[in-house]
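K.L.:
Residue strings, one per chain:
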Amino acid sequence: MILDLDKFIHGERPFWSELERFLSRLEGDPDRALPLAEAQRLHYLYERASSDLGRIMTFSAEPEIRRYLESLVARAYGEIHETRSRQHRFSPLRWLLQTLPQTFRRQWRAFALALALTAGGTLFGGIAVMVDPEAKSIAIPFSNLHGDPSERVAQAEKATGDHLRGAKARGTAFYITNNTGVAFKTLAFGVTWGIGTIVMLFSTGVMLGAVSIDYILAGHTQFLIGWLLPHGSFEIPAILIAGQAGLMLGGALIGWGSRESMATRLRAISQDLVTLIAGVTLMLIWAGIIEAWFSQYHAPMLPYWAKIAFGCVEVVLLVAYFGWCGRSPKTGDSISRRKRESEERP
Amino acid sequence: MTSRTNTLLIRTPEGIVFSQLLAGPVTRCLAWLIDMVVIIAIAVGLGLATSFLGLVSEDFAQALATLLFFVTSIGYSMVLEWYWRGQTLGKRALRLRVMDAHGLRLHPSQIVIRNLLRFADMLPVFYFVGGLACLFSRHAQRLGDLAANTIVVRQPKITEPDLDKLLEGRFNSLRGHPHLEARLRQRVSANEASLALQALLRRDEMDPPARIELFAAMAAHFKEKSVYPADAVEGIADEQYVRNVVDVVFRPRVNRSAKKPDGTEPNPAGTASTVAPP
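Quick note, the sequences are listed as chains A and B, same order. Counting from 1, one number per residue, gives the positions in the first sequence under my numbering. Counting from 1001, one number per residue, gives the positions in the second sequence under my numbering.
Here chain B stands alone, though its shape is the one from the complex:
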């Protein structure tokens, strides 16, 4: 387990570490607001549905409406978190999920306890106690989470980067130096690679001066990682240099000695085999 961060690291007995991104109080509050709107909508719907029973018995219709509202407000989160494996509509909309604090399977008893303890977290109003607990606890847990041994994690959508669209048909001069290319791959960290890719994907959203400044800084940074001879980088704009770096680190090199079945040489830029994440 980690110290206080927004990430929970879990080390398996096999020695593998995987991380879970913890959800903060603001995101959780937004998910709760969505759930509240849903609960109110369900309550209104049930109220309308039971009002027809009032034609038969007003007493029975009102009793049924009271009971259904109570059951919905208490059971909504319990039922959805069990059937959707830790998610309600609000959590699903914001990509949050309730999980066991040790990464194990979520038990029904944990779901019941964390939801029943909302009565304590809600005190005195608007989840004040729960929000404070969430702010100060090590793993952003409200009291219900602490008692049930659960955490709420963020699961951002993993999208496949559209490398073909970004890099297609462009000559990459860095490919001409395989040993430097390998060194670059080795020295660029996952975060740096991801940052460069995101910068390229969003480059059209930037103001021109900011765009020039950003890619100049990035190019200077990557040039320190692996020094290429002058002929390989001469006349290349900073943005093109970053594009070439992304091409090198994200896409595996094609075996240049192999020829295509039709006898032609493979694409010199090495764009033939794209690694598509699952």
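Next comes chain A alone, as it looks inside the complex:
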């Protein structure tokens, strides 16, 4: 019981105001690292406000002061008890050369599963179209691919000059927004315990398999590779990585063999999910540009060997990037993994 509420409030209000100013400064500049003296002062003010809240709660008639102190303690609690690492001064170069490839390798099992699911879908789609050509219209959702491959190849190879003049920028925007939307959905549907992501990956594989076998059976393998490889070398891995993120999300929700709570499991992967989906977005921007400005031009205007060579170089660079970039020559990813684990530990 506080006997002299007036004196109590007038005595404590300067500390509450100081804490409020402190918190506003911290919230206004999230990158600010506190010196030790300031951190100690913040802790002192927080404990004092907590103590005041505990005392005011025994005094029935001060709901306004109690609410104010509750909000102050809640804000300070978030700052004081946060144990997750705060990244100071985000470095795009370090993120690109270390964080992204290391994150990809750390979660390689989810990627392998995504790859297996898509490969299974590809096999299924290919066999389905091979056995029953009628299945093409179901397996491939794009009506412009339902026709005879030979007719399309003949038409594409007949084109002379820049037949996409005045449409390439629009095409780029369409490919980027459409593919990024698909990638985001592939990740988001992981919230259905991974089932939605599995369906997305398998159906992508079915479509890929159906288109591929349709062109291969028609004898246009070279056209197919020259058409798909330049942009597909980034687009397909990007969807697989989005699937990797979706499967990680599903896995964290299910939590097989984990003793941690669901909230802890989700918290542990949240940074990796964001890293992967940001990488996917960058890859799809590149894929969109290549698809609109390069992939849609065919021989004789652009020789197939040049397109295939370009695509092969992209694949080699991508594999090298995700396989080895950011890896220490002596210790591999172990240093960054240890550092990360120590940061996550409360």
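If you are wondering where the hints come from, they were derived from the structure by calculation, not from laboratory data. Do not take every clue at face value.
[Stated by the list, open to error] Only pairs whose alpha carbons sit at most 25 Å apart, straight line, appear in this in silico SDA-like list of lysine to any residue: (1) A:K185 / B:M1078; (2) A:K168 / B:V1044; (3) A:K185 / B:L1132; (4) A:K185 / B:S1137; (5) A:K7 / B:R1187; (6) A:K168 / B:L1067.
[As the list claims (entries may be wrong)] Far from chain B, some chain A residues (derived; all Cβ distances over 10 Å): (7) P92; (8) L115; (9) H146; (10) A309.
We put the beta carbon where it would ideally sit given N, CA and C, even for glycine.
Given the coordinates of chain A, assemble chain B onto it according to the supplied hints.
P.N.:
For chain B alone, coordinates are given in the frame of chain A:
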């Protein structure tokens, strides 16, 4: 953490408990509608702005408009929730805020995940899945909130009650019995005190019969808390009695033995020192 209520209680290691009022699906839907209107307005504005580029290149102008609309629709909530610490325009208008489910600081990764998972919450139309999840989850979370460990809370505006205007210049007979006054303060809960204050502040909005009935019930309730002698309550209307109770519980007692610098006695009603919440 609490069981399923509209309040989330967080206990700190220091043993202090603070509460957060959870936002329900209807309020959140209204905030989303406001945000949708804003996004459409931004999209229209960007469309007009890029249309001027069409004079130079129609292809480029259309591509830019498509990309800007996509970035705005995806990035609007992410950017605002980061810079406004969990608020968008819609949430700010309805006093909602996204918070970490454990009361900790909101991380950028949480904001990105909860917004990307809108793709799942929106299914099949108009946030049906998200709305259902919000209705049935323990802390009114949609799927994006569950995955990102976030909650959406309501932060009603805390206004300072205008006690001076309400109580100024009125004699309070309850002040004449300090021990009963102290007992009354002790026994009246914060909710009861707040209810009585709100009733007084809104008394002019009530119909006369309802007003008489309400204050009669309140006065009877408070009279049971601390029984005053007949001379202290004789001839006082129920509304006046409730007013006196509010005066007692909300305003600290002035030290009667102390005299003012000019040598006069302090105000007998004890209205000299008002507790003004910060």
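K.L.:
Provide an ascending list of the numbers of those earlier hints which the structure does not satisfy.
P.N.:
Violated hints: none; all satisfied.
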